[in-house]
Amino acid sequence: RRVPEGAGFSSSVVRSLEARTTRAEGKGAPGEMMEDTREFVKQVLEEPQGIRDELIFKRLNDEARVLGESELMGEALHEVILSATSLAEVLADVISRRLASNMLPRLRLKQICFELLRDDEKPGLDVCATLIRDPATLSFLHCVLFVKGFHAMTTHRVAAKLWAAGSMESKHEALCLQHRASELWGVDVHPAAAVGHGLLVDHATGIVIGETARLGNDCTILHGVTLGGTGKERGKNRHPKIGDRVVIGAGATVLGNIHVGDDVTIGAMAVVTKPVPDRMTVVGLNRILDPRHLRDAVQKRKETWWAEVDSSGAYDYFDVNEPIHDD
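Quick note on our numbering: the sequence shown kicks off at 12 and runs consecutively.
Because the hints were derived from the structure by calculation, they are not lab data.
Mixed in with the good hints there might be a few duds.
[Stated by the list, open to error] Only pairs whose alpha carbons sit at most 25 Å apart, straight line, appear in this in silico PhoX-like list of lysine-lysine:
1) Lys-172 x Lys-247
2) Lys-69 x Lys-182
3) Lys-285 x Lys-252
4) Lys-172 x Lys-53
5) Lys-182 x Lys-247
6) Lys-159 x Lys-121
7) Lys-53 x Lys-121
8) Lys-121 x Lys-133
9) Lys-53 x Lys-182
10) Lys-172 x Lys-133
11) Lys-172 x Lys-159
12) Lys-121 x Lys-69
13) Lys-159 x Lys-133
14) Lys-182 x Lys-159
15) Lys-247 x Lys-285
16) Lys-121 x Lys-182
17) Lys-69 x Lys-53
18) Lys-159 x Lys-243
19) Lys-172 x Lys-182
20) Lys-285 x Lys-243
21) Lys-133 x Lys-182
22) Lys-243 x Lys-172
23) Lys-159 x Lys-69
24) Lys-285 x Lys-133
It should be emphasised that the depicted structure is a prediction, and the values quoted were computed from it without experimental measurement.
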């Protein structure tokens, strides 16, 4: 298979691209590889942490070997993946390379990251969550090397352990990591915030999570989400407490010391300042809808296609078989 003529590439680049196409033939289409990866992840999730992380690390190595001949990435893959001995070492190397600065020497940072991540099950579960719930994530390598939401939250997991150590030295080191993650990825998570496992942070840019926020397990957060305070509260409980398996859409804002229950969906650009029961959907400004009844409801105003909520907070549903009058 030849590269189209007139594509603007030099002859050497054309030959290289044609060689890559030849090597890729017979290895399956990307969609087939992604399905295979997701089936593998489901099996991995059934294993305890030690075995699970070993299986993820082995899969990373397999993928890195396939791409080992890449002219652009081959050398880096050998250094970061193929020369490592564990998943924790790979993550420590990737994160330290991204975070390194004059204030954060890479080798010392890599050592600290490795020590704090090697017995932590959360990063491995985050990798699995990303592959299962994000259809755009192509492989384990894609997640570990290029998903900035994963990088930002892995950095937070290191910072959280430093913060929990309690000394002034370790807390300032944690704050340094928070600052650097915000600078690199636009993700600002206070190191004291408690974040559960199995987290997917999609796109990531613009996420803010406050100091006393709590985020449950198996949650999904999109870009531009704020878990913040109202500015009126002081003390240890100023930020939201989010349950398990919650999906928070792009640009949503959740404010104050409120509880958001399990299996809740918060729509894009929603503003939430009141508690939300389990399994509810929130849209707009504190509009709480019960998805179990939405099939039998149609909104009053055709131009909005939204289930209406009256001033008392009660649900105002309409029979789908009843004609809608413009008046």
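Taking the hints in turn, this is what the structure says about them:
1. Lys-172 x Lys-247: holds (19 Å)
2. Lys-69 x Lys-182: Distance ~34 Å between Lys-69 and Lys-182 Cα, so the pair is violated.
3. Lys-285 x Lys-252: holds (11 Å)
4. Lys-172 x Lys-53: violated (28 Å)
5. Lys-182 x Lys-247: holds (17 Å)
6. Lys-159 x Lys-121: holds (18 Å)
7. Lys-53 x Lys-121: Status violated; Cα separation ~30 Å.
8. Lys-121 x Lys-133: holds (18 Å)
9. Lys-53 x Lys-182: violated (37 Å)
10. Lys-172 x Lys-133: Status holds; Cα separation ~12 Å.
11. Lys-172 x Lys-159: holds (20 Å)
12. Lys-121 x Lys-69: holds (21 Å)
13. Lys-159 x Lys-133: holds (16 Å)
14. Lys-182 x Lys-159: holds (24 Å)
15. Lys-247 x Lys-285: holds (18 Å)
16. Lys-121 x Lys-182: holds (18 Å)
17. Lys-69 x Lys-53: Satisfied, since the Cα-Cα distance of roughly 16 Å is no more than 25 Å.
18. Lys-159 x Lys-243: violated (32 Å)
19. Lys-172 x Lys-182: The hint holds at about 9 Å.
20. Lys-285 x Lys-243: holds (15 Å)
21. Lys-133 x Lys-182: Cα-Cα ~21 Å, so holds.
22. Lys-243 x Lys-172: violated (29 Å)
23. Lys-159 x Lys-69: holds (22 Å)
24. Lys-285 x Lys-133: violated (29 Å)
Going through the hint list in order, the structure does not satisfy hints 2, 4, 7, 9, 18, 22, 24.
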